[in-house]
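Asker: Here is what each chain is made of, one letter per residue.
Protein chains: 2
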Amino acid sequence: MKLTILGCYSATPRTFTNPTSQVLEINNHIFLIDCGEGTQVELRRNRIKFSRIKHIFISHLHGDHFFGLVGLISTFRLLTRDTPLHIYGPKGIKEIITLQLKLSNSWTDYPLHFHELISKDSVVVFEDEKIKVSTIPLQHRVYCNGFLFQEKPGDRKLLMSKVLNYDIDVAYYRSIKKGNDVILDDGTVIANEELTDDPKPVKSYAFCSDTKYDENKIPLIKGVTVLYHESTFLESHQHLCATTGHSSAKDAATIAKKAEVGTLVLGHYSTRYNDIELFKEEAKTIFKNVEIADDGKVFDF
Amino acid sequence: MKLTILGCYSATPRTFTNPTSQVLEINNHIFLIDCGEGTQVELRRNRIKFSRIKHIFISHLHGDHFFGLVGLISTFRLLTRDTPLHIYGPKGIKEIITLQLKLSNSWTDYPLHFHELISKDSVVVFEDEKIKVSTIPLQHRVYCNGFLFQEKPGDRKLLMSKVLNYDIDVAYYRSIKKGNDVILDDGTVIANEELTDDPKPVKSYAFCSDTKYDENKIPLIKGVTVLYHESTFLESHQHLCATTGHSSAKDAATIAKKAEVGTLVLGHYSTRYNDIELFKEEAKTIFKNVEIADDGKVFDF
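For the record, the sequence lines run as chains A and B. Take the first sequence: its letters are residues 1 to 301, numbered as in my numbering. Take the second sequence: its letters are residues 1 to 301, numbered as in my numbering.
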């Protein structure tokens, strides 16, 4: 599971900082999460292959999270894309994009599918045999969802040295990997745990930006491998969190602690701060395993 | 008259090139012309003061000319702007911007005025005592206007050494500067040309992007100080001009020659070319005074 931060600052693109966008590589998928202005340039800079992006998840319709989307969609067309693109985001996103394409007289030549979100409860938005993506309803000034990416458990690992001790037909291997016991011709039952080992542990990633401090999401993100949680403010500006619908570094750390996550990644910093290391320092007073996002940073989990 | 090129490449923003946007400083105005994605970052990089931009001119609704506009409008709000902003562009631009602001629940706190254009003839879009801005209808794949910025002639220069030869009351000075003769108390008429010199020459700038080769605009841009004319292609791709609605370097030079402009500035290069000096070489075979735009380049005319 690889996370590339294309941008992790709030409000506006600036000379050396970008608004929110990140790429999650998991189980051969390349998921683009949020798409602030300049995202397509950051994709190039970070050498992410455009054609591998098939799903884009937009948390909410504040500009610093989606103003780069229409440009990226247009660029896909210029690059003669023909594979389908799926956009998941709040209701209204389809109207915004299609209006701009219509007025520029340039519809896409590739299939463009919008999956508009309206639910205030968590819903599954994408699923295949290896991964499931669901929304994490967030509390912000406008309708906003985080996204939870969960690997599905794979097959159990066949312990061949054990299997070969018995006269087991190869035809049963698939069943054993699915966790079933084996009954030999003489009626002997061999317990599955004797023949297999646990599948490799599943990983999960929860993206939570933007949100005020809100414990409602804790059951959804309980025990995730990595939690990205916005931390717009330091403690010195804690009083701004409520009015702006944002969190402080300590808020994020408290959620991480209560949700017992593996690693907390901080981001969405207010551009008023010059030293983002301070976010880590404050968060670490509450939760130990803290990383700070920064533009161009790549995490391997 | 100072022209700052924020971006001058066609199609998409890339790692080291930006789509069309430029700043014209003339007679204490800062005019922003076109606003591709990333324009606000380029404004910062070129140290253009955001608050001094009061008029934005958008040629057409292809993304590489206006996808940065909504972000800039939003950033103005975050910077607590309170002075009015005027946007001049094709019909539809108001709907695009207002829809995005509405869905992000973030209207501007400053007065935002849209001046939507539909005319296929040249119209005056802005005028004050020192400057006039009019459209230059262009031939492209969608409705598109260039813009002509013209200084107005100032007052004639009073030649004080001459004026003091006569017993002329100070109250007449303003009339003389306007070009009127003086009639002394004894009936003597003093011709204006004896008392004044011509005002300083007016300057003018014509922005023409995007357009196919089209001589209809020549009367409008006749004799301008500077003509920016798109040159998307080199001669080797001349055959693409007709289908895409663009011009080659030689097309631009031919227009410059026929319109007898002072200086031709080329831009809007297709990103297929690595060496933009070739545009200058080809244009110079037809028109002598050619400059090539490049991102971050500043021209003083």
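Hints were generated in silico from the structure; no laboratory data involved. Treat the hints with caution; some may be incorrect.
Identical copies carry no separate label here, and so any pair may be met within one copy or between two of them.
To be verified - Computed list of lysine-lysine pairs in BS3-like fashion (alpha-carbon distance at most 27 Å, straight line): (1) Lys212 / Lys102; (2) Lys102 / Lys91; (3) Lys257 / Lys2; (4) Lys120 / Lys102; (5) Lys258 / Lys178.
Asker: Next step is simple, just say for each hint if it's right about the structure.
Answerer: These are the hints, each one checked on the structure:
| no. | hint | result |
| --- | --- | --- |
| 1 | Lys212 / Lys102 | between (36 Å within a copy, 22 Å between copies) |
| 2 | Lys102 / Lys91 | both (18 Å within a copy, 12 Å between copies) |
| 3 | Lys257 / Lys2 | within (23 Å within a copy, 56 Å between copies) |
| 4 | Lys120 / Lys102 | between (31 Å within a copy, 20 Å between copies) |
| 5 | Lys258 / Lys178 | neither (33 Å within a copy, 79 Å between copies) |
Hint compliance for this structure: hint 5 is the single one not met.
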